[in-house]
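Using the hints provided, position chain B relative to the given structure of chain A.
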Amino acid sequence: MDFAADRPIYMQIIEDFKRRMIRGELKTGDKIPSQREYAQMVRVNPNTVQRAYREMENMGLVETLRGQGTFVRVEEEMLMAMKKEMAEEIAERFVREMKDLGFDYEDIKMLVEKFLHKGGQSND
Amino acid sequence: MIEFSQVTKQYGKVKALDSISFSLSKGRIIGLFGPNGAGKSTALKLIAGLSRPDRGKVEVDGQNPQAAKSKIAYLPEVDYLYPWMTIEGAACFIKAFYPDWDEHKYKELMHFLNLEPDMKINKISKGQRSKAKLLLAVSRRASYLLLDEPLSGVDILSREEIINTLIRDYREGEQTIVIATHEIGEVENLVDEVVFVKRGKIVLKQEAEVIRQERGKSLVETMKELMKGE
Numbered sequence: 001m002d003f004a005a006d007r008p009i010y011m012q013i014i015e016d017f018k019r020r021m022i023r024g025e026l027k028t029g030d031k032i033p034s035q036r037e038y039a040q041m042v043r044v045n046p047n048t049v050q051r052a053y054r055e056m057e058n059m060g061l062v063e064t065l066r067g068q069g070t071f072v073r074v075e076e077e078m079l080m081a082m083k084k085e086m087a088e089e090i091a092e093r094f095v096r097e098m099k100d101l102g103f104d105y106e107d108i109k110m111l112v113e114k115f116l117h118k119g120g121q122s123n124d
Numbered sequence: 001m002i003e004f005s006q007v008t009k010q011y012g013k014v015k016a017l018d019s020i021s022f023s024l025s026k027g028r029i030i031g032l033f034g035p036n037g038a039g040k041s042t043a044l045k046l047i048a049g050l051s052r053p054d055r056g057k058v059e060v061d062g063q064n065p066q067a068a069k070s071k072i073a074y075l076p077e078v079d080y081l082y083p084w085m086t087i088e089g090a091a092c093f094i095k096a097f098y099p100d101w102d103e104h105k106y107k108e109l110m111h112f113l114n115l116e117p118d119m120k121i122n123k124i125s126k127g128q129r130s131k132a133k134l135l136l137a138v139s140r141r142a143s144y145l146l147l148d149e150p151l152s153g154v155d156i157l158s159r160e161e162i163i164n165t166l167i168r169d170y171r172e173g174e175q176t177i178v179i180a181t182h183e184i185g186e187v188e189n190l191v192d193e194v195v196f197v198k199r200g201k202i203v204l205k206q207e208a209e210v211i212r213q214e215r216g217k218s219l220v221e222t223m224k225e226l227m228k229g230e
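These protein sequence lines are chains A and B, in that order. Counting in UniProt numbering, the first sequence runs from 1 upward without gaps. Counting in UniProt numbering, the second sequence runs from 1 upward without gaps.
Extracted from the complex, chain A is given alone in its bound form (with noise of 0.2 Å):
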């Protein structure tokens, strides 16, 4: 994966685990390549690598057993409160950058609903 240049890279390791996470691509019980592996696959240091497992492994998503490797191991409440804090996330920029570009509550609102309906249509 690409990572961009001007964000801590932990982070975005760790964003990227949680989209697969959130997406059903990674399940409780998955096995995810080792440290070294991984900075091999997306070739990051091995430091950063360590920082961004050992994070997920405070924040209760992962778990390395000795000897065996690092498994996913995130419960149903943590998936759903992730999925809402990127779904916050992704509409707060979303908001901020048509402020930015000039429009107000009303036409936000509007462009909004407009998208909305047609993706009910085509979804149909």
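These are computed hints drawn from the structure, not numbers from a lab. There's no promise every hint is true.
[Unchecked claim] The calculated label-pair distances, taken between Cβ atoms and stated as ranges, are: (1) A:Gly60 to B:Glu214: 40 to 48 Å; (2) A:Asp107 to B:Glu183: 40 to 48 Å; (3) A:Arg19 to B:Ser19: 20 to 28 Å; (4) B:Val203 to A:Arg19: 33 to 41 Å.
Glycine residues also receive a C-beta, built at the ideal position from the N, C-alpha and C atoms.
Chain B only, in chain A's frame:
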């Protein structure tokens, strides 16, 4: 730990390093970044014990670098290998000097880097020569690995192989790697800490992640900003 205390090194009238002080802690990958002629190579040579400061002191683990030589592997920017030698011949040469040579690692890496023992230094491409230099430096289990422009003049595929090698063989916690380069882009994701050097002085020494966090900028952008007017 590597420590510089008020180190000055002069070549004629030019101060390559101008009274610099800094320390690099163990077990990390450090980028020594700056434009050509900033003093990066001079700093590496002082750490490697290949030259001595005119004023001030350089220490590696509290020792004089000359005394700490057995812990230090140095990859110079220039071609130091004898052109008539084969890779194997050059390896034997180094093996004789350094007891920390790791034959198993050497053989494995040789294969990984697509090199052959009987390749002659003057018959191989620049990219292969750079990989051979890296192979010889990394095959020692040295605590300190000093790399001077390890990617300069190397084609993109060999660059990737060199970077992969560094990540693959990095010994977390015990090994310290110092990479001196003016081409930051490629090693941006590889460094824990960055020391920016400009005209023999340190302009910034900071954790790479802190730079990204606090400035919201890449290391390349940060370098451009710091080196304005160069």
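Do the hints match the structure? See the list:
| no. | hint | verdict |
| --- | --- | --- |
| 1 | A:Gly60 to B:Glu214: 40 to 48 Å | violated (28 Å) |
| 2 | A:Asp107 to B:Glu183: 40 to 48 Å | holds (46 Å) |
| 3 | A:Arg19 to B:Ser19: 20 to 28 Å | violated (49 Å) |
| 4 | B:Val203 to A:Arg19: 33 to 41 Å | holds (37 Å) |
When each numbered hint is compared with the structure, violations occur for hints 1, 3.
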